[in-house]
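Chemist: Next come the chains, spelled out residue by residue.
Number of protein chains: 6
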Amino acid sequence: MTKAYLVTVALFALAFSLASASDPAPLQDFCVALKDYSDKSAVFVNGKFCKDPKLVTAGDFYFDGLNIPGNTYNKVGSNVTNVNVETFPGLNTLGISLARIDFAPYGQNPPHTHPRGTEILVVLEGTLFVGFVTSNTDNRLFTKTLNKGDVFVFPVGLIHFQVNVGKTNAIAISGLSSQNAGAITIANAVFGSNPPINPDILTKAFQLDKKVVEYLQKEF
Amino acid sequence: MTKAYLVTVALFALAFSLASASDPAPLQDFCVALKDYSDKSAVFVNGKFCKDPKLVTAGDFYFDGLNIPGNTYNKVGSNVTNVNVETFPGLNTLGISLARIDFAPYGQNPPHTHPRGTEILVVLEGTLFVGFVTSNTDNRLFTKTLNKGDVFVFPVGLIHFQVNVGKTNAIAISGLSSQNAGAITIANAVFGSNPPINPDILTKAFQLDKKVVEYLQKEF
Amino acid sequence: MTKAYLVTVALFALAFSLASASDPAPLQDFCVALKDYSDKSAVFVNGKFCKDPKLVTAGDFYFDGLNIPGNTYNKVGSNVTNVNVETFPGLNTLGISLARIDFAPYGQNPPHTHPRGTEILVVLEGTLFVGFVTSNTDNRLFTKTLNKGDVFVFPVGLIHFQVNVGKTNAIAISGLSSQNAGAITIANAVFGSNPPINPDILTKAFQLDKKVVEYLQKEF
Amino acid sequence: MTKAYLVTVALFALAFSLASASDPAPLQDFCVALKDYSDKSAVFVNGKFCKDPKLVTAGDFYFDGLNIPGNTYNKVGSNVTNVNVETFPGLNTLGISLARIDFAPYGQNPPHTHPRGTEILVVLEGTLFVGFVTSNTDNRLFTKTLNKGDVFVFPVGLIHFQVNVGKTNAIAISGLSSQNAGAITIANAVFGSNPPINPDILTKAFQLDKKVVEYLQKEF
Amino acid sequence: MTKAYLVTVALFALAFSLASASDPAPLQDFCVALKDYSDKSAVFVNGKFCKDPKLVTAGDFYFDGLNIPGNTYNKVGSNVTNVNVETFPGLNTLGISLARIDFAPYGQNPPHTHPRGTEILVVLEGTLFVGFVTSNTDNRLFTKTLNKGDVFVFPVGLIHFQVNVGKTNAIAISGLSSQNAGAITIANAVFGSNPPINPDILTKAFQLDKKVVEYLQKEF
Amino acid sequence: MTKAYLVTVALFALAFSLASASDPAPLQDFCVALKDYSDKSAVFVNGKFCKDPKLVTAGDFYFDGLNIPGNTYNKVGSNVTNVNVETFPGLNTLGISLARIDFAPYGQNPPHTHPRGTEILVVLEGTLFVGFVTSNTDNRLFTKTLNKGDVFVFPVGLIHFQVNVGKTNAIAISGLSSQNAGAITIANAVFGSNPPINPDILTKAFQLDKKVVEYLQKEF
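One line per chain: the protein sequences are L, P, B, X, Z and H, in this order. Here the first sequence is numbered in UniProt numbering, starting from 1 and rising by one per residue. Here the second sequence is numbered in UniProt numbering, starting from 1 and rising by one per residue. Here the third sequence is numbered in UniProt numbering, starting from 1 and rising by one per residue. Here the fourth sequence is numbered in UniProt numbering, starting from 1 and rising by one per residue. Here the fifth sequence is numbered in UniProt numbering, starting from 1 and rising by one per residue. Here the sixth sequence is numbered in UniProt numbering, starting from 1 and rising by one per residue.
None of these hints come from the bench; they were simulated from the model. All values derive from a computational prediction rather than experimental measurement. Take the hints with a grain of salt, since some may be wrong.
No more than 20 Å apart at the CA atoms, straight line, and that leaves these computed lysine to aspartate or glutamate pairs for DMTMM-like [stated by the list, open to error]:
no. : chain 1 : residue 1 : chain 2 : residue 2
1   : X       : LYS211    : X       : ASP200
2   : H       : LYS211    : X       : GLU86
3   : B       : LYS35     : H       : ASP39
4   : B       : LYS75     : P       : ASP36
5   : P       : LYS54     : P       : ASP36
6   : B       : LYS148    : X       : ASP64
7   : Z       : LYS211    : L       : ASP138
8   : P       : LYS54     : P       : ASP138
9   : P       : LYS218    : P       : ASP200
10  : L       : LYS204    : Z       : ASP64
11  : Z       : LYS204    : L       : ASP209
12  : X       : LYS54     : P       : GLU86
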């Protein structure tokens, strides 16, 4: 019975990620991204080059596999499956994207921002503790415990997180108000950039012992 | 067993509706709509007046109940539960909204448009046959049969529909790229407006017998 | 006398069509569309590729022929002449377009929407009965009879129509708030798509007898 | 006979003025400006406060009188009748406006800019010589002689003019891609501001004799 | 002599901060924020209510004091003086703001983001080491050492920092592409929010010892 | 001593020019303009084609030389150094630009507009008398005398000027809310266009003697 339950969970695990309210508006019915064209031509535009509309088929507006649970066997115990313009070319010029987020028990989607999108999240399975922090200088924290069917919104650019506080897997769908909202995981960007930020800078910024910073930079 | 299954369906039935890519961008961290203020003051703005940010609480970014199935006992056999700025004030200025769509067996979300938003839909349960029609003069129809975990996008302003072609309930979550994308059900707006459009106009527009038009106007 | 009158009508018949308020803003003085470039290269962008500004001439900002009446010998008795980025490359990036609409006596511009633009219309000749229907669930109909020099506005994405209720030709100029607002004639998109929408879907959506639907699909 | 002709001219003289491509997009079907509300309350917003949508009537989307010729008995021999959000409240949030421009024989709409809109113009009567100048440092002049039914576009913010080079009245309709594109008549703004710009500044800017500048400042 | 030099440095220390490219466009010449109106009325809008344009004076478009050095006697050794819509009401609706940044020797403007704006910075005095990190999953670090007269751009929403690597004070002016771009200092928002984020969450997110997290939360 | 002073002036002379609030938003972290690509390919887009992000280096976000005073030995005694997308490719898609403005004693930046941007200016050295004129029909002039550290804002598209009213050089930094705000110097565009505007038009527009117009056209 429990087993059957988990399978069910897996099937409904989805996460929307709708990006920023300010993507430029479309100037035609659709402009399906031309996959790999920029890679070949080494020329890019804001957004993507598009394929000939006469060659577009229904398959260009279709994406499958959001029923497949992401692999949460990692340090933070979560996984994000993005359905944005990189994986779903039909979204180009349309100002929206999605993600499915899977959480192992006690897993978390650690503090991060979306530089180009507001996120609206709905819980499909499990119980999530979520929150966001406002900008300086208040840095107010707003949090809520969400159960199945609960919705929460994370305004564009603000630091936010989701934590599975239940004993079972959790699943959420998120939307972000851009075709490519981007995501910046704070710990990774700060301590795991490539190349690393000079540890002296982080030592002062985070008021940490330099050894702790160097330890963190090895971790991320 | 079937009963248990239906309960499960109900729990996962959700529908995102993320509106238009071109909502004006936010000019502060958030601007939570001040409920009923315009009703009382009889003064409105583009979007909504907002409450004092100092009085805003986490509850303003929270909406519940998307786990509750909509009532599909109606002529078309479907139901849309909107999570937009009207029902969820925290979305104001953030350029995104959601909807859960429930379908009875053989039910449909009949041909409609969203005047201010692109829609991205993911199937949570069941099998949907979906499609959209491009603008004049091609009026090309793009269709696809979607199963659990499949995603489809309906570009802003184009006529589209979803039909449950399975024998069980179906559920979808949609996002629309606006805080208030709006929806125009074609049959209702054309044949069921208030007051009705002069039947002579519709008779010519749809090349229908006037009696059929008058019959339709009674129906809607 | 009547002959002279008709000539006069022809001379003043024009129709503006200014498209959507949210076209991306221009990033240079002008960006004249490079005609046929995408057709040859099979690569597209949001909007159009532009020609070398050094090669641009005054002719690129010029369009002629809006004094020529459109041919209204068709089922609905109207004709739209579009002056948008497809026919007038100089409009690219500039967020506006026009149309001239001609109406035979009792002709109509049947219910339609512009997915990417608000329309503002001025009557040059004749008497038009015009209206639009708001979105769900009110579906309020706003109508007005317009004479020479009267102006009406149809908000972006809403279903609207214009009917010549006079005994003579009528002419209007419309603007739409996009370089390519698009037009979706409801009857054609619903009953005349290519390929056709499954008649069972339309039978239920419009509560029509299936034979009527099949008849309509032959007509459009 | 000539008299009758002039009457006819007057009846068809109209000028569209569609404003800037970048007005914020609407967040509801419509948001009709609440006339005089700001005057009374001394509080303003970007755009206009709106009236209760339940109290909106078809008249709010209607403007009349564009068939009435403007009075061209002035120094430049032209007149602009604006149909923008100030005179037509229904345009609020909809990103578009119009104008009718009347020209006496040899009259001109002198060099001016629209700070918030591109203009597209169609000639209804007469012959206009029109042009615009690009920005620094090229300052290229693009000109064209337009006859009945000819269309020209003046990109947002660029200096442009229209001159009646015929012996009869001329009439044009223009659209501008904003609900309130604004107009800046160069001579008036430079030499007729209130209070006047220090003549020493203009003397150097225009390399003019100070007496000429002072004479101009009296004129405007 | 050295003393005089330092005084000079202080006088020229300025920092622009121009906010996000997507503020809604203005719909009139100006819309000067009405100071304290929202505080009194407890009603807000996206952006600010504006004062009666007839009462606006030149002083509303004027701000002074950017020649005054900020106080850098704090843990990070830097100070930001914001010239945004909160401190300069004339910026309302105009999509831009500034900041002056002062740096003590070896001081830093620690890793932070602007949720609603791109920043362009010019160095007026001293030598800064600056950098930004791209979004997941590359997290590429771009850095540069800047001297007097050097300019650098930090794209909207990305984590960036500036460090004074010289032995003297340093001064920069920044612009941000919004009237209120916001700033999120990572360490403060993550470890110093109000109330604090549950230390268990941060322990896992940053792979830190819980005691270190608790220590950090006391610090910020 | 005076000499030393002038050197100091030169070092701090910078001018920001942040362009229009309505540039389309970025759809990726950055999109660095591909220099000379359009020149070679003779194909353009709104904004610029971009280089392969994998090949982008920190140098692409870097511009130097704003510490170098512009040459003010010209008729108006001022010089503008632009840091916009033409000179600094990293700004592409980011909605902002800068300029340094140098003024000789009694020099001026003569009346001009930015067709695509609001300007915010800060004085680094000297004393400037600045002003702008509102649009028709008020044409109100707002002026202010600015000293070191004073800031002023010139709303998008309005005619404005800056005059050095001190006995020493003056320096300002300006931002404009667009990557390419453009500038239109009124005297040059009106009297110095290429080819010239027909002097009869300007004679009437400016109510000038035709000889004065012809003299001016030789000057500019």
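Chemist: Determine for every hint whether it applies to the structure shown.
Modeler: Hint-by-hint comparison with the structure:
1. Of the pairs offered as hints, the one joining LYS211 of chain X and ASP200 of chain X holds, with about 10 Å between alpha carbons and a cut-off of 20 Å not exceeded.
2. Using a Cα cut-off of 20 Å, the hinted pair LYS211 of chain H and GLU86 of chain X is violated, with the two alpha carbons roughly 40 Å apart.
3. Restraint check for LYS35 of chain B and ASP39 of chain H: the C-alpha separation of about 18 Å stays at or below 20 Å, so the hint holds.
4. With a C-alpha separation of about 48 Å, the suggested pairing of LYS75 of chain B with ASP36 of chain P is violated against the 20 Å cut-off.
5. Distance hint between LYS54 of chain P and ASP36 of chain P is fulfilled; the C-alpha atoms sit about 19 Å from each other, no more than 20 Å.
6. For the given pair, LYS148 of chain B sits about 9 Å from ASP64 of chain X by alpha-carbon distance, which is consistent with the 20 Å threshold.
7. Between LYS211 of chain Z and ASP138 of chain L the CA atoms are separated by roughly 25 Å; this puts the pair beyond 20 Å, and the hint is violated.
8. In summary, the hint linking LYS54 of chain P to ASP138 of chain P is not supported, as the alpha carbons are separated by about 53 Å, beyond the 20 Å threshold.
9. Note on LYS218 of chain P and ASP200 of chain P: the hinted pairing holds, with a Cα-Cα distance of about 15 Å set against a maximum of 20 Å.
10. Under the criterion of a C-alpha separation no larger than 20 Å, the hint pairing LYS204 of chain L with ASP64 of chain Z is inconsistent with the structure, at around 32 Å.
11. Between LYS204 of chain Z and ASP209 of chain L the CA atoms are separated by roughly 19 Å; this keeps the pair inside 20 Å, and the hint holds.
12. Restraint check: the Cα-Cα separation between LYS54 of chain X and GLU86 of chain P comes to about 16 Å, which is no more than 20 Å; the hinted pair holds.
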